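J.: Keeping the supplied structure of chain B fixed, place chain H upon it in accordance with the hints.
Quick note, the sequences are listed as chains B and H, same order. When we follow the numbering used here, the leftmost residue of the first sequence carries the number 16, and every step to the right adds one. When we follow the numbering used here, the leftmost residue of the second sequence carries the number 99, and every step to the right adds one.
It cannot be assumed that every hint is accurate.
The following label-pair restraints were derived from C-beta to C-beta distances [said to hold, decoys possible]:
{"hint": "1", "chain 1": "B", "residue 1": "Q286", "chain 2": "H", "residue 2": "T339", "range": "14 to 24 Å"}
{"hint": "2", "chain 1": "B", "residue 1": "K128", "chain 2": "H", "residue 2": "F293", "range": "52 to 62 Å"}
{"hint": "3", "chain 1": "H", "residue 1": "T339", "chain 2": "B", "residue 2": "P62", "range": "32 to 42 Å"}
Short, incomplete list of chain B residues facing chain H, as computed with Cβ under 10 Å [what the hints assert, rightly or not]:
{"hint": "4", "residue": "I262"}
{"hint": "5", "residue": "T270"}
{"hint": "6", "residue": "K280"}
{"hint": "7", "residue": "P324"}
Listing some non-contacts, in silico: residues in chain B with all C-beta distances to chain H over 10 Å [as the list claims (entries may be wrong)]:
{"hint": "8", "residue": "R126"}
{"hint": "9", "residue": "G153"}
{"hint": "10", "residue": "L239"}
{"hint": "11", "residue": "A344"}
Source of the hints: derived by calculation from the structure; they are not laboratory data. Since this is a predicted model, take the numbers as computed values, not measurements. Glycine included, each C-beta is placed from N, C-alpha and C at the ideal position.
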Amino acid sequence: MSSADMTHVEQMPDDGVMRAADGTPLKKRLARALRREKMRSFVLIAPLLFFILLSFLAPIADMLFRSVENDIVQNTIPETVTELQNWDSASGSAPPEEVYAAFYRDFLVAREKRIHTRLGSRLNYELSGMSGMFRRTGRDIRRFDEAGPFKPQFIKSDEDWGAVETWRVIKKFSSLYTAGYYLSAIDAESTSESFELKPADERIYIKLFIRTMWMSLLITFSTLLLGYPIAYLMSHTKRSTANLLMILVLLPFWTSLLVRTSAWKVLLQQQGVINDFLVWINVVDDSARLVMINNQLGTIIAMTHILLPFMILPLYSVMQTISPSYVRAAKSMGANDWTAFWRVYFPNTIPGIGAGAILVFILAIGYYITPELVGGTQGVFISNRIAFHISSSLNWGLAAALGAILLLLVLLLFYCYDKIVGIDNVKLG
Amino acid sequence: MASPLPPYASSLQIFWYYAFRVICGLIFFFLIFPILTIIPLSFNAQDFFTFTPEMLRFDPAGYSFKHYVDFFTNPDWQQALRNSFMIAPMATIIATALGTLAAIGLSQSHVPARSAIMAVLISPMIVPLIISAAGMYFFYSRLGLQGTYWGVVLAHAALGTPFVIITVTATLVGFDRSLTRAAASMGADPVTTFFKVQMPLILPGVISGALFAFITSFDEVVVILFLGSASQQTLPWQMFTGLREQISPTILAVATIMVALSIVLLGTLEFIRRRSERIRGLSPS
Chain B
16 MSSADMTHVE QMPDDGVMRA ADGTPLKKRL ARALRREKMR SFVLIAPLLF
66 FILLSFLAPI ADMLFRSVEN DIVQNTIPET VTELQNWDSA SGSAPPEEVY
116 AAFYRDFLVA REKRIHTRLG SRLNYELSGM SGMFRRTGRD IRRFDEAGPF
166 KPQFIKSDED WGAVETWRVI KKFSSLYTAG YYLSAIDAES TSESFELKPA
216 DERIYIKLFI RTMWMSLLIT FSTLLLGYPI AYLMSHTKRS TANLLMILVL
266 LPFWTSLLVR TSAWKVLLQQ QGVINDFLVW INVVDDSARL VMINNQLGTI
316 IAMTHILLPF MILPLYSVMQ TISPSYVRAA KSMGANDWTA FWRVYFPNTI
366 PGIGAGAILV FILAIGYYIT PELVGGTQGV FISNRIAFHI SSSLNWGLAA
416 ALGAILLLLV LLLFYCYDKI VGIDNVKLG
Chain H
99 MASPLPPYAS SLQIFWYYAF RVICGLIFFF LIFPILTIIP LSFNAQDFFT
149 FTPEMLRFDP AGYSFKHYVD FFTNPDWQQA LRNSFMIAPM ATIIATALGT
199 LAAIGLSQSH VPARSAIMAV LISPMIVPLI ISAAGMYFFY SRLGLQGTYW
249 GVVLAHAALG TPFVIITVTA TLVGFDRSLT RAAASMGADP VTTFFKVQMP
299 LILPGVISGA LFAFITSFDE VVVILFLGSA SQQTLPWQMF TGLREQISPT
349 ILAVATIMVA LSIVLLGTLE FIRRRSERIR GLSPS
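Excised from the complex, chain B in its bound form:
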């Protein structure tokens, strides 16, 4: 050791702290190295994290925001909203003249900007007929006497402007945020104090949610029924045969969703292959061809086919790990084939069943394309209703609320999946 090193060592304080060569405490150096490593991993992750936040999570957050956002009333008729605060909606009489005067001024501005019909269609979701009132008055308002009084002129344009209910609705939906879309999404409507469910024959969304879940359950069950034997066969044959069978499972998995849906459409049609075959072998009469498409049956058949690989793959990976000696031990102790399977083998496959079932169920309840194409009117899911509200009825708030409920459902299920399987154990093929 050179004398220079000796002096270096001597300079270090003798306090029992482990030190690196340059004299800094080892603990500090380690912490710095750890920090640097964390930084490096974060720099590598950051671009994607940022990308996902911006291109994916921000849209989801925006959707959640839209499900409660309600600034249209406030923004379109601000003065009226202020005036309405002095009016007691429980009084049983229409608002005073000041409200109508403010409404006249707001209406003129809104009409200038051509946004009064938008407010009309927004309020129409809450009280039907409002859209027409706004359009009619939008035409009449040019002929109004600017000196007032405005109340009779509005009522003359449309007598519903004199109704308490109209103003009650406007007042109720004048706040910036609303739970109204969520209430509609669960078929409820708010009354003056609390809220109550709509009459049974008007409850469409609850029915649709229940149908979506029920059909997803049926699909999950049929994939389990069909997938279990396949996974069992694959895990109990030679490696080379299993690989060949695996390709048969993966081929549909890799085939485009639309290809498979169109295949089912071709097969299940009344003039399609299956019906032709059944008629040809005289099982079904030509005049009584089976209706297998555009109903719930069509959706269930096609989606079972589409989701079957998602059941087989987790089942297979669990079954591969089950040692054959368990069943042999059971049999050696006198169990017959069925008992050995049911009491020993089957319980061991439950993790696989759980993983596959949750995965298929999660995928099924959010399905859109297949129900849309083969589901007709009775076989559609909640997703189809969401799509309808976005592109046809343009009730985006309700679409967002329905989407938020569906999202909550999926996340809950996924939480269970994570607990059972673990998020890192998702395998692909």
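T.: This is chain H only, laid out in the frame that chain B set:
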């Protein structure tokens, strides 16, 4: 079941042994036959969706390429094909580049909030497509990206990244970290180490991730229905509208071409998997 039946098997056991195989055969038939049926049907000389008597007699007059000719000459289908091949590769490149980097970052030993980050990065795969589509439609129209090429590409890239992360992470599990240390000790800077040492070894994972991302974008129809405009119509979109409105047998020709494409992709994946297992010294299965 791996071994043939033992000599003492009862007749019930023998019956069940074969019955089970018949049941499995039927299930495999259910899995494969819808896909196989459309292939001969796509050569139908008539505009029908079922086998004509001529086809069943194997009369050459019953078969023709007319639906394929229609696909390759119809400007709508050609535009859709072009759009598909413009959107999917770009989305794949973005998803693969960002996903690979993030997977390498996630595989380091000290990552703060690892599981939370993982959950966020995997989320595009979990959230139902209709919800992603709805959210993206609302948000991208605020940004003016709705109905643009880049809007669709960004959306598809986001949907493809979870697959890249999963496949690359899986290859990194078996990655020997001392190799990068060895490279660094011999004077390679991190970038050289990455491209010369790490990248060739994790390449199989990256390629299969890229294939997954490609097929995700290439097959995707829900998001593009909402985000795209008429000038971004892709093949799946065209098929979707075709199936919903005026169903034309050209769809079957397109479907057959897409089945061929997926067979090629599946073959490539299988090839990569076997090769990487051989390279890493694992026995090829």
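J.: Are B/K128 and H/F293 spaced within 52 to 62 Å by their CB atoms?
T.: Cβ of B/K128 to Cβ of H/F293: about 57 Å, so the range 52 to 62 Å holds.
J.: Take the shortest C-beta to C-beta distance between B/K280 and chain H; is it under 10 Å?
T.: OK, holds: B/K280 within 10 Å of chain H, min 6 Å.
J.: Is it true that B/Q286 and H/T339 lie within 14 to 24 Å of each other by Cβ?
T.: Since B/Q286 and H/T339 have Cβ atoms about 21 Å apart, the given range 14 to 24 Å holds.
J.: Take a quick look at B/L239 and tell me if its Cβ sits farther than 10 Å from every Cβ on chain H, holds or violated.
T.: Given a closest Cβ separation of 12 Å, the condition holds.
J.: Have a go at the B/P324 hint: is there a Cβ in chain H nearer than 10 Å to its own Cβ?
T.: holds, 8 Å
J.: Are all beta-carbon distances from B/R126 to chain H longer than 10 Å?
T.: Holds: least Cβ distance 25 Å, greater than 10 Å.
J.: Please settle this one: B/G153 was flagged as non-interface, so is its CB more than 10 Å from every CB on chain H?
T.: About 26 Å separates B/G153 from the closest Cβ of chain H, which puts it past 10 Å; holds.
J.: A range of 32 to 42 Å was offered for this pair. Does it hold for the Cβ distance of H/T339 and B/P62?
T.: Distance hint for H/T339, B/P62 holds at roughly 36 Å.
J.: Checking hints one by one. Is B/T270 an interface residue toward chain H, by the C-beta closer than 10 Å rule?
T.: Holds, about 5 Å.
J.: Using Cβ atoms and 10 Å as the threshold, tell me whether B/A344 really stays out of contact range of chain H.
T.: holds, 17 Å
J.: Identify whether the interface hint at B/I262 stands, where standing means a beta carbon of chain H within less than 10 Å of its own.
T.: This hint holds: B/I262 lies near chain H, its Cβ roughly 7 Å from the closest one there, short of 10 Å.
Against the hints set out earlier in the document, no violation occurs for any number.
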